[in-house]
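So the chains spell out like this:
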Amino acid sequence: MQQPNRLRPFFENITFDREDNELILNFGPQHPSAHGQLRLMLHMQQEQITKAHPDVGYLHRGMEKMAENMIYNEFMPTTDRMDYIASSSNNYGFALAVERLIGLEVPRRAKVIRMMLLETNRLMSHLFWLATTALDIGAMTVFLYAFREREYLMDLIEDYCGARLTHSAVRIGGVPLDLPDNFIGDLRTFLDKLPANIKDYEDLLDQNRIWLMRMENVGVISKEMALSWGCSGVMLRASGIEWDIRKEEPYELYDEVEFSVPVSDKGDNYARYKLYMEEMRQSAKILEQVIDMYAGTDGALMAHAPQYISAPKLDIMTQNYSLMQHFVLVTQGMRPPVGEVYIPTESPKGELGYYINSQGDAYPYRLKLRAPSFWHTGILTDLLPGHYIPDVVSIIGTTNIVFGEVDR
Amino acid sequence: MRAYTPKDNVQAKPYYTDRFWVAPQVAKHDVSSDAVFESDLNALKSKFEILDAYIQVEQMVVVINAADNFAVLDMLKNSLQYNQLSEMSAIDWLAKEGKFEIFYQMLSMSKRKRLRIKCKIDEKESIQSVEKLFRCADWSEREMYDMFGVVVNNHPFMKRILMPDDWEGFPLRKTYPLQGDEFAAWYEVDKIFGKEAREIIGPENRDPARIDRYDTERFARLGHEVPRGVDITNGEPDTPLVYQEKNGAFLITKFDPETSVTITDRNR
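In the order they appear, the protein sequences are chains A and B. For the first sequence, position 7 (counting from the first letter as 1) is numbered 7 according to our numbering, and the numbering increases by one without interruption. For any residue, its number in our numbering is found by taking its place in the second sequence, counting from 1, and adding 408.
Read the hints as simulated data drawn from the structure, not as lab findings. Check before you lean on any hint, since a few could be wrong.
List of simulated lysine-lysine pairs, BS3-like, C-alpha gap at most 30 angstroms [said to hold, decoys possible]:
1. B/Lys519 x A/Lys285
2. A/Lys285 x B/Lys521
3. B/Lys526 x B/Lys421
4. A/Lys65 x B/Lys603
5. B/Lys519 x A/Lys111
Can you build the whole structure from these sequences, using the hints too?
As structure tokens, then:
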């Protein structure tokens with residue numbers, strides 16, 4: 001241990017030898033491959049890791065505390081800051097939890113728009129994952145291609161809600177806006193090109209010698225380990241467990257669309273990479289089906305529940321009682337019934353759950369955010385030992401962790 | 409008279425609540441309405457004391473004694489096929505009954521069911537770790553300790569996880585102020601510069617909405633611009649608004665600062 005004093009201060013990034021020749025290496029918290037503020041303390045024997053100790057909390061903003069001191073609608077923009085790569089998924093998870101607590105049914109058009117948002121966010125997140133992971137491993141070209149496609153999607157989302165990263169595009173009870181005129185056409189254009197784009201990435205990576213060396217049989221997660229560590233999403237499915245919340249506990253319109261859930265039993269980095277690629281194809285498939293559903297819906301965007309949800313703008317502007325209710329809902333906030341819910345959704349990273357304990361107040365009494373990345377970081381404790389330094393980077397890459405979500 | 413704020417709960421309160429407001433309840437259904445949950449509950453009942461059980465929003469909630477937590481989760485995992493612990497944490501009921509409520513959110517993939525185990529412990533009481541059953545509890549229990557100060561027995565590494573190791577106080581307790589306490593305001597100053605520097609630096613500004621009216625280091629006031637860092641506590645000079653554009657400002661054609669009136673009396 002270091003013995004810091006005034007003359008010899010504590011150095012965070014110092015590496016030093018112990019008597020037993022065990023080296024302690026400090027990785028992060030400011031490391032370009034750490035995908036955020038991850039600090040790893042690695043015990044090394046030569047180049048091999050014997051013990052890993054992830055240290056998180058550098059981005060801790062106390063979101064659960066903030067939620068306890070806000071009205072429900074006020075918290076919505078804060079959820080954007082969890083998984084900021086796919087922020088509509090977080091908005092949606094929160095909205096769904098509150099809707100189930102109240103017992104609201106959302107209009108069909110809002111459901112269709114939400115499905116579009118969720119799946120474009122999944123595509124954005126997976127493209128971002130591919131870009132950054134490939135960049136970490138040295139495949140600069142893939143990074144540029146994948147960001148080009150992601151940019152197109154971000155423009156699309158910008159057309160819808162005006163924001164590119166922190167969307168807040170979902171409201172409790174529905175969605176705030178209808179799709180702009182050009183949206184579906186632009187989305188179709190994108191979906192037409194996407195298969196060719198995915199094929200480009202795969203041509204660059206699938207048989208790439210360096211990519212295979214860094215990915216195959218590296219970071220193998222067994223079935224038992226994935227279950228025990230609370231893994232979800234691709235991390236779970238790459239280990240041979242077929243569990244996708246969209247399929248098993250369908251929410252929104254996922255029981256009406258046709259898609260398949262890719263599973264692998266390898267459990268290594270390469271399996272996870274292949275699953276991400278396949279999930280992108282499936283997302284595109286879902287989007288194509290959802291586009292067709294849009295035409296058959298009527299215009300309602302928000303649920304009708306005057307006690308909880310403000311009336312449409314037209315009513316607020318023309319009817320006195322709607323205006324009064326809107327005023328109360330904005331200044332005091334809605335008061336959901338007394339009770340508790342835990343609602344999981346399949347976010348691009350895994351199982352994103354919101355536990356809400358309501359005591360009938362305008363503020364939740366307790367709100368627990370179940371973020372998948374938290375456990376996908378925790379698993380590094382057991383996953384990294386036995387691997388070598390370069391593997392750390394590729395393993396962190398394929399776990400797809402985002403620190404807005406880990407630290408909350 | 410100063411407004412009364414209860415010391416055991418310093419969280420934000422709604423500024424107005426109707427006197428006759430009675431909050432509705434989320435429906436609690438009997439466990440017998442679901443065959444799978446009923447058989448699970450009977451299996452649990454045969455071995456443990458069940459204080460309460462019901463179904464709420466399609467998930468079963470089972471209230472048990474805190475001492476049984478490990479054994480109940482062991483049974484759920486090994487004989488009732490609840491193979492994943494999705495989430496666990498605590499709820500602060502100290503103000504109401506002096507207790508913490510611990511909940512374990514369980515998932516059974518083969519049955520496609522979720523249930524929640526709940527138990528209550530006193531403030532100073534500790535709880536048994538379930539890390540031996542579910543590795544993910546390692547981090548969850550650390551987070552629970554970090555946020556609430558609930559000590560977990562037999563945990564391999566009982567340390568804070570999100571807050572710094574030497575932090576004082578437990579942020580998610582209802583007694584912890586939203587913008588931090590005295591310790592929080594001095595933490596970084598003490599840590600980086602030492603206690604001697606307190607006088608020079610001052611406490612950390614933990615109110616994100618605070619505005620320093622006389623700050624000329626970072627802000628200038630339109631129409632009252634002064635050089636950076638000038639002390640304006642005794643008033644600042646007016647600087648007349650002059651537009652750089654030749655034919656007046658873009659879009660603003662009729663504005664003439666000479667003839668317009670500046671309102672100085674806010675209550676006018």
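Query raised in the report: Is A/Lys285 close enough to B/Lys521, meaning Cα to Cα at most 30 angstroms?
Result: 28 angstroms, holds
Query - 30 angstroms Cα cutoff - pair B/Lys519, A/Lys285 - result: Holds, because 28 angstroms separates the two Cα atoms, which is no more than 30 angstroms.
Query raised in the report: Going straight from one Cα to the other, do B/Lys526 and B/Lys421 come out at no more than 30 angstroms?
Result: Given that 30 angstroms is the threshold and the Cα spacing comes to 26 angstroms, the pair holds.
Query - Pair hint A/Lys65 and B/Lys603, alpha-carbon separation not exceeding 30 angstroms - result: Holds. A/Lys65 to B/Lys603 sits at ~29 angstroms (cutoff 30 angstroms).
Query raised in the report: Between B/Lys519 and A/Lys111, does the CA-CA distance stay at or below 30 angstroms?
Result: 27 angstroms, holds
In the structure shown, no violation is registered for any of the earlier numbered hints.
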